[in-house]
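Participant: Sequence:
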Amino acid sequence: MATSPVPDDIGRREADTLTEDIARLGSLEKIVQGWDETQQRTVLALRDGWEAMYRECLRRLIRTVQSAPQGATGLREAAADPYVYAVLRTLGLVRPSLQERIEAALDSVRPGLEGHGGNVELVELRLPDTVILRLLGSCHGCPSSSLTLSDGVEKAIRDACPEIRHIETAGRQYAATALTGEGSEQRISPFAIGGRHPWLPAMRLEDLPRNSLLAREVLSDALLFWRDPDGDVHCYRNACAHLGMPLEEGKVDPAGVLTCPHHGFQFALESGECLTIPEVQLEPWAVRVVDGEIQVRKDHD
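Note that the working numbering gives residue 104 to position 82 of the sequence shown, counting from 1, and the numbers run on in steps of one.
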């Protein structure tokens with residue numbers, strides 16, 4: 023059944039009014055910051071005293087309402103009001119919402135992403151346990167986007183929100199990354215830059231033609247390399263995400279989709295994502311090109 027637009031309009035007006043009120047308080051705080059230390063301490067003590075009294079008053083009120091029939095339901099409905107929620111949050115009487123904690127987790131990793139021209143946004147929160155994200159900028163379609171997700175973004179979300187069990191990405195279009203010259207370092211995941219493993223030489227860039235696959239062993243690890251039409255190099259463990267079979271004999275179509283020669287599973291080589299079963303993917307390795315040499319690094323144990 024369609025809902026009336028009136029409550030939404032009211033909710034938007036209330037949210038706008040709340041934003042204006044918070045901005046007004048912020049302006050007053052900036053004025054106080056310009057006062058001398060004695061004046062600041064006086065104002066802060068007065069504020070803390072009022073907040074303590076309000077906090078105790080509301081705590082007693084909540085306790086009384088909770089003991090009444092249907093009281094807990096009424097409190098949840100009241101806390102959904104943006105004004106009520108803002109005051110209860112400020113006084114520490116309710117914990118941050120799940121969406122707030124997710125956004126805070128994303129904020130914690132954004133400086134690292136933005137330092138390399140990327141970003142991430144929350145597309146959707148599907149209660150009770152699923153988050154849909156979108157990588158932006160240089161992170162979107164990056165050869166190491168899987169590392170960016172698993173080593174940085176996903177870890178931050180799972181640490182802050184242990185109730186989140188599924189993290190998915192939206193809008194993957196497998197766009198090519200920026201062209202990389204032979205004498206420059208290829209862009210890698212910002213979360214792989216500080217890895218504890220050393221960079222290892224794999225081959226010369228000239229040994230890997232564009233839009234071709236090549237299997238190589240680096241130390242004892244079997245790896246699969248692909249150089250896309252724009253010249254960027256991608257590296258994965260040479261094992262199909264289905265049954266772990268080697269992939270170097272697979273066919274790569276002009277769009278960069280690899281078909282496993284054993285059971286026909288297909289993978290987008292720009293991201294490692296499996297197009298047959300989206301829940302699995304190739305295991306990525308950090309890769310870079312320095313002075314015409316392809317180097318790799320294992321950033322997971």
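Don't read these hints as lab results, they were simulated from the structure.
Cβ coordinates follow ideal geometry from the N, Cα and C atoms, glycine included.
Hints may be right or wrong, so weigh each one.
[As the list claims (entries may be wrong)] Label pairs and their calculated CB-CB ranges:
(1) Ala100 with Pro251: 16 to 22 Å
(2) Ser242 with Glu136: 56 to 62 Å
(3) Leu144 with Tyr105: 22 to 28 Å
(4) Tyr105 with Ala244: 56 to 62 Å
(5) His219 with Gln121: 19 to 25 Å
(6) Val54 with Leu115: 23 to 29 Å
(7) Ser242 with Thr298: 27 to 33 Å
(8) Pro268 with Arg187: 43 to 49 Å
(9) Pro268 with Arg156: 28 to 34 Å
(10) Thr152 with Asp129: 48 to 54 Å
(11) Ala100 with Met267: 53 to 59 Å
(12) Arg226 with Thr298: 30 to 36 Å
Participant: Holds or violated: 53 to 59 Å for the Cβ distance of Ala100 and Met267?
Facilitator: holds (58 Å)
Participant: Has the hinted range 30 to 36 Å been met by the Cβ atoms of Arg226 and Thr298?
Facilitator: holds (33 Å)
Participant: Is the gap between the beta carbons of Pro268 and Arg156 within 28 to 34 Å?
Facilitator: Holds - the Cβ-Cβ distance for Pro268 and Arg156, about 33 Å, lies within 28 to 34 Å.
Participant: Given a hinted range of 48 to 54 Å, is it respected by the beta-carbon distance of Thr152 and Asp129?
Facilitator: violated (20 Å)
Participant: If I claimed the Cβ atoms of Tyr105 and Ala244 lie 56 to 62 Å apart, would that claim hold in this structure?
Facilitator: Taking Cβ atoms as reference, Tyr105 and Ala244 lie about 60 Å apart, which means the hint holds.
Participant: Evaluate the given range 22 to 28 Å for the C-beta pair formed by Leu144 and Tyr105.
Facilitator: The hinted range 22 to 28 Å holds for Leu144 and Tyr105, with Cβ atoms some 24 Å apart.
Participant: Does 23 to 29 Å hold as the CB distance between Val54 and Leu115, or does it fail?
Facilitator: holds (24 Å)
Participant: Is the distance from the Cβ of Ala100 to the Cβ of Pro251 consistent with 16 to 22 Å?
Facilitator: Once the Cβ atoms are compared, 58 Å apart, the range 16 to 22 Å for Pro251 and Ala100 is violated.
Participant: Is 56 to 62 Å respected by the C-beta to C-beta distance linking Ser242 and Glu136?
Facilitator: About 37 Å separates the Cβ atoms of Ser242 and Glu136, which means 56 to 62 Å is violated.
Participant: Pro268 and Arg187, beta-carbon distance inside 43 to 49 Å?
Facilitator: Violated: the Cβ-Cβ distance is about 32 Å, outside 43 to 49 Å.
Participant: Taking 27 to 33 Å as the stated bounds, is the beta-carbon spacing between Ser242 and Thr298 within them?
Facilitator: holds (29 Å)
Participant: That 19 to 25 Å hint for His219 and Gln121 (C-beta), does it hold up?
Facilitator: violated (36 Å)
Violated hints, listed in ascending order, are 1, 2, 5, 8, 10; each of the other numbered hints is respected by the structure.
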